[in-house]
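The listed protein sequences derive, respectively, from chains A and B. Sequential numbering of the first sequence, starting at 1, is according to our numbering. Sequential numbering of the second sequence, starting at 1, is according to our numbering.
One should not assume that every hint holds.
[To be verified] Residues from chain A that face chain B, not an exhaustive set, calculated with beta carbons under 10 Å:
no.	residue
1	G97
2	N99
3	T115
4	N142
5	G166
Calculated directly from the structure, the hints in this document are not laboratory data. Just so it is clear, CB atoms sit at the ideal spot from N, CA and C, and this is done for glycine as well.
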Amino acid sequence: MRLTDSNIVLLGGFNPHIIEPSWLSRHDVVEEKSDEFMTEIQFGPSAPQMLRFNLDGLRWEVTLDRVLVGSSETRSPAEWLIRLLDLLPHTPLRAVGINFKLRSERTEWPIDLPTLPNQEAIQSLIGEVVTSTAVTRGRLENGTQMSLMLNATQAEVVLDANFHRGVFNSGEMSAMEMAKQAMTEFDGDWSRLRDIVSKMTGKEVG
Amino acid sequence: MQICYYADGGATSSAEPMDLGNGTSGQRDLNPKHQPKDPVSNDSTSAELVMSQFRGLVGSLFRSPIASKRCIRDWVVDNVAVGRRLSERVECILEHAVLSTKPSRLDDAIDILDQPRVDLTTYLRDAQFRGSLDRKPEDAIYILVRAAGRRSDDAARFVVPWALKSDQASVREAAVEALADLGTEAAISMLRRVSQFDDSSSVRETAKEVLEDIVEG
Numbered sequence: 001m002r003l004t005d006s007n008i009v010l011l012g013g014f015n016p017h018i019i020e021p022s023w024l025s026r027h028d029v030v031e032e033k034s035d036e037f038m039t040e041i042q043f044g045p046s047a048p049q050m051l052r053f054n055l056d057g058l059r060w061e062v063t064l065d066r067v068l069v070g071s072s073e074t075r076s077p078a079e080w081l082i083r084l085l086d087l088l089p090h091t092p093l094r095a096v097g098i099n100f101k102l103r104s105e106r107t108e109w110p111i112d113l114p115t116l117p118n119q120e121a122i123q124s125l126i127g128e129v130v131t132s133t134a135v136t137r138g139r140l141e142n143g144t145q146m147s148l149m150l151n152a153t154q155a156e157v158v159l160d161a162n163f164h165r166g167v168f169n170s171g172e173m174s175a176m177e178m179a180k181q182a183m184t185e186f187d188g189d190w191s192r193l194r195d196i197v198s199k200m201t202g203k204e205v206g
Numbered sequence: 001m002q003i004c005y006y007a008d009g010g011a012t013s014s015a016e017p018m019d020l021g022n023g024t025s026g027q028r029d030l031n032p033k034h035q036p037k038d039p040v041s042n043d044s045t046s047a048e049l050v051m052s053q054f055r056g057l058v059g060s061l062f063r064s065p066i067a068s069k070r071c072i073r074d075w076v077v078d079n080v081a082v083g084r085r086l087s088e089r090v091e092c093i094l095e096h097a098v099l100s101t102k103p104s105r106l107d108d109a110i111d112i113l114d115q116p117r118v119d120l121t122t123y124l125r126d127a128q129f130r131g132s133l134d135r136k137p138e139d140a141i142y143i144l145v146r147a148a149g150r151r152s153d154d155a156a157r158f159v160v161p162w163a164l165k166s167d168q169a170s171v172r173e174a175a176v177e178a179l180a181d182l183g184t185e186a187a188i189s190m191l192r193r194v195s196q197f198d199d200s201s202s203v204r205e206t207a208k209e210v211l212e213d214i215v216e217g
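Assemble the whole structure, with the sequences as input and the hints as a guide.
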């Protein structure tokens, strides 16, 4: 399997009118200084209030309740997000998610795909199987919730991994500090996922 | 320091369903109006169903034996801390506590609402703004006042002064106990005033007793 996407998602309260390219550039959250950014804002009464752009080689998505920063490499965007949070210290935060997406050709996938019980028996009723999905959720000792979702079509297999950490204000630590700490887990989570995939498939992540 | 995060559902996943191009799948609709209204749930379950499940959870807390209460209480606290519709969730806890016949019902509710992760301050501020505290049953007021007194944030600011002005002596008595829990200089100063000037001899007596307890340490 090969990594096709990795990102960090902050869940909380954000203002897409503030967290936009020129503001990020002006406050040195990003190094890229060009005023011309590729942005995508959807308009209309039913459109989400979402801002999407690329800066410093990272993909940014900002909505009212989340900020996503990621790339197609195993490159932690934590330092960008920490700079962002340092500028907005009163941002209410609820959780941090570290996400990885791995992909493999179906022919390269070495193990059986998940099926419903007695799928052969129901084959004539459900027709040709187009996709098959398996989801496993677990909780690590420190409260990190790991979610693995395997999606398969006839052509490919995609594994989405989500490491979700709820953050909150406690007497010992603020939600902000907790979120910053959680973001430093990016490399550890990637390493953990590689181990999982290796044990699942008997093959290393490419 | 060992950090312990709390797991409330994978709402931070960026995974998208495999697009088969039929466009009728309800998933990954970015319009906030079309999102599941409660991040506790990561599926497309309606917000009403989520609240219904929460009510069931709270009900089981008040019914459960002491041995299993702690675990369920932690779930309830997680749900209140992370879930939206804070007021509705707090009201649900108060309602169960008021209607329950268990002797521990008030303490059970206080044990939830005094948790730092539960945003009681926001709830109380909103309740004050809407003037809804006046309409609450006495037991519910008692729970809110005592829970606020046990918290280290400023939740007490939104309910204790109000409770001290209540016409009901029992509410003022709860405020006296909350002031004792707070134990700050300002709280002790208020206790002294209550111990001298409250209209009710019972409230004055309670204030004197808690002051003595504080002095004796």
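Index of numbered hints that the structure contradicts, given in increasing order: Per hint list: single violation, 3.
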